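Number of protein chains: 2
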Amino acid sequence: MIDFDFSIPTKVLFGVGKLDELKREKLPGKLALVVISNGKTMRERGYLDRVLAALKHQNIDYMIYDKITVNTGKDEVMEAAQFARDNFCDFVLGLGGGSVIDAAKAIALMARNPGDLWDYIVTGSGKGLPVKNAALPIVAILTTAGTGTEADQWMVVTNRALKEMIGFGVPSTFPALSVLDPELMVSVPPFLTAIQGFDAFFQAAEGFIAKIATPISEAFSLQILRLVSKYLPRVVQNGNDLEARTNIALAGLLSGMVQSTSSCTSLHSIEHGLTATHPDLPHGAGLLMLSESYFSFFARYVPDRFIKMAHILGAETDGLPDEEKPLTFVKAMKALQEACGVADLKMSDYGVQIGEMEIVARNAHKTMSNLFAMDRYSLSLKETVDILIQSYK
Amino acid sequence: MIDFDFSIPTKVLFGVGKLDELKREKLPGKLALVVISNGKTMRERGYLDRVLAALKHQNIDYMIYDKITVNTGKDEVMEAAQFARDNFCDFVLGLGGGSVIDAAKAIALMARNPGDLWDYIVTGSGKGLPVKNAALPIVAILTTAGTGTEADQWMVVTNRALKEMIGFGVPSTFPALSVLDPELMVSVPPFLTAIQGFDAFFQAAEGFIAKIATPISEAFSLQILRLVSKYLPRVVQNGNDLEARTNIALAGLLSGMVQSTSSCTSLHSIEHGLTATHPDLPHGAGLLMLSESYFSFFARYVPDRFIKMAHILGAETDGLPDEEKPLTFVKAMKALQEACGVADLKMSDYGVQIGEMEIVARNAHKTMSNLFAMDRYSLSLKETVDILIQSYK
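Protein sequences, first through last, are from chains A and B. The first sequence begins at 1 in this note's numbering and counts up by one. The second sequence begins at 1 in this note's numbering and counts up by one.
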């Protein structure tokens, strides 16, 4: 029987030009910690100036923390949280891609709580202590599309010393406000656009086959698959295609809503194992490398849902033997990956060796056990290793 | 290009048995004004006792206001708001159907604002003054399904002296918490079940053809049409069919989300004109009476969307002349009304006379002009009268 809780307390401003509305939108404080990456894009393209101008327009003061790295390191989170506390910042504004927004969430949480982030993380070597205080309010201004962090409570943070890359969140780490302005995304190069778009695709597919899928998450999931299959090849081809950018931004937003109403499954866990042990391997690329063997494995356990997803991708199943029908989803997914130029990514290109697969699988089961629990079939360590080995090129 | 704001800050607990979670759920205050209708059901079926027990379990005090009438009269709202203010209630809990939840919203608003509700109403003879203060937090516990008020900011209140039935809302009139427990809905008799279920159906269809429809509202709308067409005949047949009740409750919830991400159109305006002038005519029944001529009229202006809705209802359009294709939606809708026993409701049975149609149309345009503005074709007064006359039986 249908049974779920729904809560997406984030206000979202979505559309071309929406960044301009920031100066009129009610913001949750008078002193912002503005968080950006350690790269140059936010300054060079003028995005940071536009955000700061909007804050000034509202007489909101700000400090800037500009050291966030790809995959969000725990150490920088702790440093920035201390900085926010010392300066009495009353909200955190993240401007950037998924790593920066996740950093903003983690900083907002640790600015209001004692100890170390890993005291609260509930998997891996996290201590799982209860979070005492609500995070500072969070504002998210996205410059990439795909992680969905703008519409969920989840942050992914990497503890490089421990080689753990873990997803975590509490109700107060939903952003209060998220701004998705596709114009800010036109600078994302084709490869990153493709792998981030596939992150949304996989979150949709995983959310659809997860055992806690709800009728609300299902509507979102199918809409995402439709949008990504139609628009991702276009925007990879031409990054300035604003209609396609907008629709992929929408898919990214909806993928956050899927995570707020369903969950990812163990594909995300296994990928975290890869990136935790090979930090240069981007998360979206890792998901792509694993996707064919992962979904081929699960097709037999959730055949009806695979067939539904196949139909959304335009695949025909009439006349096929029953056992082949769910696999048409995998074929259609591969064709879409080819159309986006990301069908043949290789772990070996990122220094991963085939002998490491058991380490990766153990890491995944230890650090992201919560998502294995969302599968409709419980993957053993050996099966996880097999999926990794089959994915290895 | 896609452009929208999204905000549904309500937490929803959905599913059979969810009322039992109320005793563990964080509630937004220590002294509740519990609002119920002037009928006997909430006491006789023990729903009120269960809610009060949950409050006691949390050491929350309460007062009770039990005079809410069908279609929510303004006078009772003002009386209850004064009562809440005099007693320093810090949140309002509505237990009942759409009218009671709408009353809870209006009471919560007026408990925190000076003057009269009609000072703030923006259409009809409302003065349209800005609302100064946020409403008290609102908790909604639903015992019927269809209005969607559990997931939107809208309340419909009737000023009987002025014969105005007007929808109104501000961001703070979203419920903080809504509980949808289909077990509480099994007592709703077949006719009410049918007309309330069709309220959700029409909100979905109107939201789908409204000019501010968004990709999120569209996903919700199509899901509602699917659910209502599959489950409403079943639950009208057997009110104890808990699977069907659950799915219709879900359709109702989603219809609130449609109103939070799109809007109703002038069908709701015209119906308000009918019920405002004939208070005994239930809102859902009025919508049903108007639906055939209303949607037949609009089919020519939004043909693609009508065809999409027809397909969701299982209609075939292949081989038909183009101008007939959108009308297959109207036929499928009528067939569904027949399956639910509500295809032949008559205005004359509620004392409406054909000579009143211009008065009704003028009332609709005056009191609910905002929804006429959501149509993709701007209905004139004469066309509105024509739709009413064609609907008259």
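If you are wondering where the hints come from, they were derived from the structure by calculation, not from laboratory data. Do not rely on the hints blindly, as some may be mistaken.
[What the hints assert, rightly or not] EDC-like, lysine to aspartate or glutamate: derived pairs with alpha carbons at most 16 Å apart:
#: 1; chain 1: B; residue 1: K11; chain 2: A; residue 2: E21
#: 2; chain 1: A; residue 1: K26; chain 2: B; residue 2: D5
#: 3; chain 1: B; residue 1: K11; chain 2: A; residue 2: E243
#: 4; chain 1: B; residue 1: K346; chain 2: B; residue 2: D304
#: 5; chain 1: B; residue 1: K26; chain 2: A; residue 2: D5
#: 6; chain 1: A; residue 1: K211; chain 2: A; residue 2: E79
#: 7; chain 1: A; residue 1: K11; chain 2: B; residue 2: D5
[As the list claims (entries may be wrong)] Interface residues of chain B toward chain A, partial, derived using beta-carbon atoms under 10 Å:
#: 8; residue: I8
#: 9; residue: K11
#: 10; residue: L13
#: 11; residue: D90
#: 12; residue: P182
#: 13; residue: V186
#: 14; residue: I212
#: 15; residue: I216
#: 16; residue: E218
#: 17; residue: A219
#: 18; residue: F220
#: 19; residue: N247
#: 20; residue: M257
[Unchecked claim] Simulated restraints on C-beta separations:
#: 21; chain 1: A; residue 1: F88; chain 2: B; residue 2: P114; range: 33 to 41 Å
#: 22; chain 1: A; residue 1: E21; chain 2: B; residue 2: K331; range: 51 to 59 Å
#: 23; chain 1: A; residue 1: E383; chain 2: B; residue 2: G17; range: 49 to 57 Å
#: 24; chain 1: A; residue 1: D3; chain 2: B; residue 2: L320; range: 54 to 62 Å
#: 25; chain 1: A; residue 1: E21; chain 2: B; residue 2: K346; range: 30 to 38 Å
#: 26; chain 1: B; residue 1: S378; chain 2: A; residue 2: R300; range: 33 to 41 Å
#: 27; chain 1: A; residue 1: P303; chain 2: B; residue 2: E358; range: 33 to 41 Å
#: 28; chain 1: A; residue 1: K132; chain 2: B; residue 2: A53; range: 41 to 49 Å
#: 29; chain 1: A; residue 1: K26; chain 2: B; residue 2: N59; range: 48 to 56 Å
#: 30; chain 1: B; residue 1: N133; chain 2: A; residue 2: A335; range: 32 to 40 Å
#: 31; chain 1: A; residue 1: S125; chain 2: B; residue 2: R376; range: 24 to 32 Å
#: 32; chain 1: A; residue 1: R300; chain 2: B; residue 2: P279; range: 40 to 48 Å
Quantities reported herein were computed from a predicted structural model and do not represent experimental measurements. Just so it is clear, CB atoms sit at the ideal spot from N, CA and C, and this is done for glycine as well.
Verification of the hints:
Distance restraint check for K11(B) and E21(A): the Cα-Cα separation of roughly 26 Å exceeds the 16 Å cut-off, and the hinted pair is therefore not satisfied. For the hint pairing K26(A) with D5(B), the CA-to-CA distance comes to about 14 Å; that is within 16 Å, so the pair holds. Between the alpha carbons of K11(B) and E243(A) the distance comes to roughly 32 Å, so the proposed pair goes past 16 Å and is violated. Only pairs whose Cα atoms come within 16 Å are accepted, and K346(B) paired with D304(B) is rejected, the gap being roughly 31 Å.
Annotation: proposed proximity of K26(B) to D5(A) holds, straight-line Cα distance about 14 Å (limit 16 Å). For the hint linking K211(A) to E79(A), the alpha-carbon distance of about 38 Å lies beyond 16 Å, and the restraint is violated. For the hint pairing K11(A) with D5(B), the CA-to-CA distance comes to about 7 Å; that is within 16 Å, so the pair holds. With 10 Å as the threshold, the beta carbon of I8(B) comes within range of chain A, its nearest partner Cβ sitting at about 6 Å, so the hint holds.
Below 10 Å, beta-carbon pairs count as interface contacts, and K11(B) has one with chain A at about 4 Å; its hint therefore holds. A cut of 10 Å between beta carbons decides the hint on L13(B): the least distance to chain A is about 6 Å, and the hint holds. Residue-level restraint check for D90(B) is violated (minimum Cβ-Cβ distance to chain A is 19 Å; threshold 10 Å). A cut of 10 Å between beta carbons decides the hint on P182(B): the least distance to chain A is about 9 Å, and the hint holds.
The beta carbon of V186(B) comes no nearer than 14 Å to any beta carbon in chain A, farther than 10 Å, and the hint placing it at the interface is violated. For I212(B), the interface hint is violated, since its Cβ never comes within 10 Å of a Cβ in chain A; the closest pair sits about 12 Å apart. A least Cβ separation of about 7 Å between I216(B) and chain A falls short of the 10 Å threshold, and the interface hint therefore holds. Of the supplied interface hints, the one on E218(B) holds, with its beta-carbon coming within about 8 Å of a beta-carbon of chain A, less than 10 Å.
With a least beta-carbon distance of about 4 Å to chain A, the hint placing A219(B) at the interface is held under the 10 Å criterion. Taken as an interface hint, F220(B) checks out: its beta carbon lies about 7 Å from the nearest beta carbon of chain A, inside 10 Å. With a least beta-carbon distance of about 7 Å to chain A, the hint placing N247(B) at the interface is held under the 10 Å criterion. Checking M257(B) against chain A: minimum C-beta separation of about 8 Å stays under 10 Å; hint holds.
With their beta carbons about 35 Å apart, F88(A) and P114(B) fall inside the hinted range of 33 to 41 Å. Judged by the Cβ atoms, the range 51 to 59 Å given for E21(A) and K331(B) is violated: they are separated by roughly 43 Å. Distance hint for E383(A) and G17(B): a CB-CB separation of about 35 Å, inconsistent with the stated range 49 to 57 Å. Between D3(A) and L320(B), the C-beta spacing of about 41 Å breaks the proposed range 54 to 62 Å.
Checked against the hint of 30 to 38 Å, the pair E21(A) and K346(B) fails, with Cβ atoms roughly 49 Å apart. Range check, S378(B) to R300(A): Cβ separation about 55 Å, and the 33 to 41 Å hint is violated. Evaluation of the 33 to 41 Å hint for P303(A) and E358(B) yields a failure: the beta carbon distance comes to about 59 Å. Taking 41 to 49 Å as the suggested C-beta distance range, the pair K132(A) and A53(B) does not conform, at roughly 30 Å.
Checked against the hint of 48 to 56 Å, the C-beta distance between K26(A) and N59(B) comes to roughly 33 Å, which is inconsistent with it. Between N133(B) and A335(A) the Cβ separation comes to about 56 Å, which falls outside the hinted range of 32 to 40 Å. In this structure the hint that S125(A) and R376(B) lie 24 to 32 Å apart at CB is violated, the actual value being about 57 Å. In this structure the supplied range 40 to 48 Å is violated for R300(A) paired with P279(B), their Cβ-Cβ distance being about 59 Å.
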